[in-house]
Amino acid sequence: MNRSTKILRYVLRRLMQGIPIIIAIIVLNFFLLNMAEGDAVDVLAGEAGSATPEYMAELRAKFGLDQPLPVQLMVYLKNVALLDLGYSFRHDMPVAQLILDRFWPTLLLMTCTILTAVGFGILLGLLAAINLNTWKDTAISIFALITYATPLFWVGLMMIVVFSINLGWFPTSGMENIAAFYEGWDRVWDIAHHLVLPTITLSLFYLALYTRMMRASMLEQYGQDYVVTAKAKGLTERRITFVHVLRNALLPVVTMAGVQVGALIGGSVIVESVFAWPGLGMLAFESLFARDLNLLLGIFMISSVLVVVVNLIVDVIYSFLDPRIEVA
Amino acid sequence: MKRLIQGAVLASSIIASSFTALAQTDGGTLVYLAQPEPPTLASYVSTSGPIGLVAPKIYEGLFDYDTEGKMIPVLAKSVDVSADGKTVTFTLQDGVVWHDGTPFTSADVKFSVMEVLSKVHPRGPNSFREVESIDTPDDTTAVFHLKNPAPYMLRALSGYESPMVPKHLLEGTDIKSADLANNPIGTGPYKFTEWKKGQYIRLDKNEDYWKEGLPHVERVVARFIPDASTRTAAMENGEVLYTGYNGIPNIDAVRLRDRDDISVTTDGYSMINPMALLEFNTKEGPFTDPAVRRAISNAIDRQFMIDTIFFGYGKPASSALSSSFAATDLYKPMPNYPAAGDVEAAKKILDDAGYKPDGDGVRMKAILDVIPYGEDWRRAGEYLKQALGDIGIEIELRYEDVPTWLKRVYHNYDFVMNLNYFYQLPDPVLGVHRHYGTDQIRQGTHFVNSSRYSNPKLDALLDAGAKEPDAAKRSAIYEDVQEILAEDMPVVNLFEMQFLTVYNTKLKGVYGSAMGPYGSFSEGWLEE
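Chains A and B are the protein sequences, given in the same order.
Numbering follows the UniProt record's numbering, with no gaps: position 80 of the first sequence is 80.
Numbering follows the UniProt record's numbering, with no gaps: position 31 of the second sequence is 31.
Chain A on its own, in the form it takes in the complex:
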């Protein structure tokens, strides 16, 4: 059997294993969420001011909330099996559409964040390891500690105060300049411009993690026998570091990145809130307080699917980074 068929069979098997996990997650979420007091009708009626009990009963019947819980769950599972995520009565819109609207902004922010955090994290970790115990190493460690320990919302607000209000370089919030409604490349530029502050804020936090990890991982590899062999062979420091050590040191970082991509897809409530970025985190947060369970279950399900898929991708990447690890 050649390698690609092997990988394909592995991927398929892992996907099949993922299905019961996702079903279990749905069932668990469903019961957890239903344990909360009050339902979507309570919230809608509460916001509306006053509504009669008959009106509320009518709404409950329309939303299907008058059915017993197991029936509601079976209906939901049946719909999910048919790839129908249901309807958000609060928004009067299909859940799939609501999630899709928020999915691209989330993906955009998260991709930029992960690339920045992992990229700079690896770079800084590498620099720290090469310059072990010099002032550069100390400076990088202090920087990493400070960014990791500072609360995200504070960093975000300070970014706004410094770069938006005082310097005027970037807009305070949002994803687009809505006084202008740009088209084409102007719009791309505009979105990129709005993306800068939230990306920096969010990546600062993760950056610290990758920096520390990369540094530790590099140091560990330097102590390995193969490095001694390489040195004995007369290879240059540069070659040892970049060809041998770096590649091995990347493995734990990639593992970590994989786990975090999954979590990041769920969005970051804090950064989305501070920068008014239209992501999934804020949508989930709002639907929790509105008891919009269909929408919330939909978001959770998409997140769990993505975690399964991303972990799978990471496992496949392993086998490329280190051919000794085989998929089986």
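When the alpha-carbon atoms are kept at most 27 Å apart in a straight line, the in silico BS3-like pairs for lysine-lysine are as follows:
hint, chain 1, residue 1, chain 2, residue 2
1, B, Lys506, B, Lys205
2, A, Lys62, B, Lys119
3, B, Lys70, B, Lys467
4, B, Lys197, A, Lys62
5, B, Lys347, B, Lys385
6, B, Lys70, B, Lys508
7, A, Lys62, B, Lys167
8, B, Lys176, A, Lys62
9, B, Lys473, B, Lys457
10, B, Lys77, B, Lys508
11, B, Lys348, B, Lys283
12, B, Lys70, B, Lys86
To be clear, the hints were calculated from the coordinates, so they are not data collected in a lab.
All values reported here derive from a predicted model rather than from experimental measurement.
Position chain B against the provided structure of chain A, taking the given hints into account.
Chain B in isolation, oriented as in the chain A frame:
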């Protein structure tokens, strides 16, 4: 990084040039903050605040009201009330069309009131409860036939409270789940264009608007920013020009009002009349005795709450009715407690009623539920805990999320004392009766008589007050109402809240309506 900064400079120069275009009276984009994001734009099925911030720019009512409360013609040119108060004739504007081009006629008025507002609107069944039938002799005349005189009805005709909706798009559909909820078609100055969930709602100028020469601005955009500090920053940066209903918290508003380009006003809320209050369970628990409730009312320093927690914005409550009702001569102050509180008097009331303190000075213990609408209320709860502790009532605070809280107070009645606020609206019949009437003890309905206070004498007065067309007699009736409520105090009214509108001074022409942020912005324009 260099390219990024170049991009930033480029983009900001584009922003700058788009703002120079606002120099003329006409044109420009009015960006304002709506907080939080509305769930839909179906203002005809929900009076939810966030919907009110957007929908009245699209849907209009028959009348608007100026800051003195006088009626301003909108879709109706004039109104005529017969001598017995039972026939109300509206003459409509000529040449009004819906945003889809269909003409607006008296049939739309009839359908809106009879089929929509009276049936599926939260407050409409109350506002229009006396309407028996509506005749439409021609396209611009609508004659309302009432069972009894309904003086309050004429105060509930704004585009926020009673929007006129298109019959041709709603008739025969399930109104509560009609397509219109997310694709509104109205007669207003701005047409719905686009809704990017989580970001903004964009409305464009209605070129065929019936009012000659209006609106001035090309586009109105409602922006959503979840974080209060960021909203303040966006206002400081001039990215947004207007926000109402404390979209910018008081703590930031008092800082911004000192700037030359930003102002703060408390106008525009006189049809809403919010009143902060304490509701009590009058059936069970420690607060069934009116004497205890009067003692609590005496123990609270209302002015301190206003000054310290709400930065001076508010007015101590002096009766069960808001002092704004002085405009219709319904308000009478009932000063049986001082605004700054009187701890000794409160203690004496409790002593006389036989509630003696134990060794630790504690007379009774209770849980205070706090309205989950933000930090200010939490602070207010903490103050109340301290103030009531001073007279020997030991308070524990409970803070839950909105659905849990609503369920507890209005469905399970599982509370003894609840910090809350109520909109008293433009007339007591619309906003105050629901808090006290026996017929308003409706389990599972929010913001009604959760105290379960019931007094046949008061019920009779409320009924008479609703039907009395004579202003002087009506005033006398409500004086009796306020006396009874000051004595029994099923609710301790704390203070008349003042919401803040924070705006950039280059935005003009949107401050004349009593509806404030719930107004249509039809005359708004932008100055360089």
